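Peer 1: Just so you know, this note's numbering puts 178 at position 178 of the sequence shown, and the rest follows in order with no gaps.
For the record, the hints were derived by calculation from the structure and aren't laboratory data.
Computed from a predicted model, the values in this text were never measured in an experiment.
Glycine included, each C-beta is placed from N, C-alpha and C at the ideal position.
The calculated BS3-like cross-link candidates involving lysine-lysine, where the alpha carbons are at most 25 angstroms apart (straight line), are:
(1) 56 to 88
(2) 56 to 70
(3) 313 to 90
(4) 313 to 70
(5) 88 to 313
(6) 18 to 70
(7) 16 to 55
(8) 18 to 55
(9) 16 to 56
What follows is a list of derived Cβ distance ranges for each label pair:
(10) 11 to 133: 29 to 39 angstroms
(11) 25 to 221: 48 to 58 angstroms
(12) 187 to 45: 41 to 51 angstroms
(13) 299 to 319: 19 to 29 angstroms
(14) 304 to 133: 48 to 58 angstroms
(15) 187 to 38: 50 to 60 angstroms
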Amino acid sequence: MNILVAAPNTNFDIDKIKDNFKENDNFDNDNIYYEDQSLSQNVLDSIDILVGYNKKILDKILTSDNAQLKWIQALSAGVDYYPLDQLKDKDIYLTTVSGIHAEPISETVIGMILGNYRDINEAARKRSWYQPSTMPKMINGKKAVVFGTGHIGGRTAELLDAFGSETIGVNHSGHPAKGFAQTVSMDDIMTDNRVLNADIIINALPLSDSTFHYYNEKFFNALNNQPMFISIGRGPSTVTADLVNALYDQNLGAAALDVTDPEPLPDDSPLWKMDNVLITSHISGLHAEYMDESLAILDENMQAFNSYGKPNKNLVNLVAGY
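Work out the full structure, taking the sequences as your base and the hints as a guide.
Peer 2: Put into structure tokens, the structure is as follows:
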């Protein structure tokens with residue numbers, strides 16, 4: 001197989017990715033190319049599998065009549081940045097590394113809550129002996145609503161449950177989900193007091209047509225309890241201007257954002273100046289074993305692809321977008 005490897009964003013170091021591939025002998029019989037090499041169109045046309053993402057390179061492949069690309073293994077869980085319609089038209093499979101983010105992201109969510117609730121964020125800003133400006137809170141007994149009940153949402157719910165939180169999951173149909181004692185349909189949230197009276201709201205939704213700008217003025221204005229809003233899903237699910245207004249108007253008590261719209265968040269965004277807002281640079285899913293775990297999924301999919309002509313783990317529905 002001819003495999004091309006690309007770093008999807010600046011959080012990935014192509015040299016470190018090369019080291020991961022060299023240390024993994026499962027790919028010794030494959031021809032491995034990397035995005036930082038000089039790649040002719042003939043080489044690009046010969047690629048069977050793309051690992052990761054490079055827009056310029058992918059565009060060259062998809063616009064070539066001679067390309068033989070069959071499958072893309074994303075190095076992320078979300079795939080909204082891929083040209084899904086083109087992949088569908090060309091019958092190109094797309095798989096993700098969904099599942100490897102659940103632990104680091106859910107731990108990040110707990111850290112974000114504790115940073116706000118236990119006044120750790122304020123202590124970090126003060127850098128001096130001080131008395132908290134508000135009485136610290138506990139997660140125990142709080143109502144948390146998690147939008148998105150997949151791997152990440154489910155693990156987050158399990159950790160929140162360990163802290164004694166009452167956790168409710170929101171998904172498209174309200175179907176039961178692992179980690180959640182209660183679930184509700186996205187269609188019913190505006191009339192469900194369990195959601196409207198939440199203390200913590202967590203966005204773990206993938207980005208799709210139905211979740212684009214989902215968290216907007218109407219949503220924030222319906223909330224009753226000045227909840228903390230945490231976003232670790234996708235930035236464009238939230239209308240940024242409406243989020244800012246919700247914080248100014250105190251419809252929200254605080255926010256913690258690992259994803260924003262746009263990314264990176266402009267330096268002049270008012271969100272940077274708010275003491276009740278914590279922002280991290282889309283890093284909640286990263287961890288030291290990330291590439292090792294990604295290559296394990298790639299290897300499993302390679303075995304299926306070689307045996308059956310189709311990868312089978314984390315295969316994306318190109319119509320639904322996840």
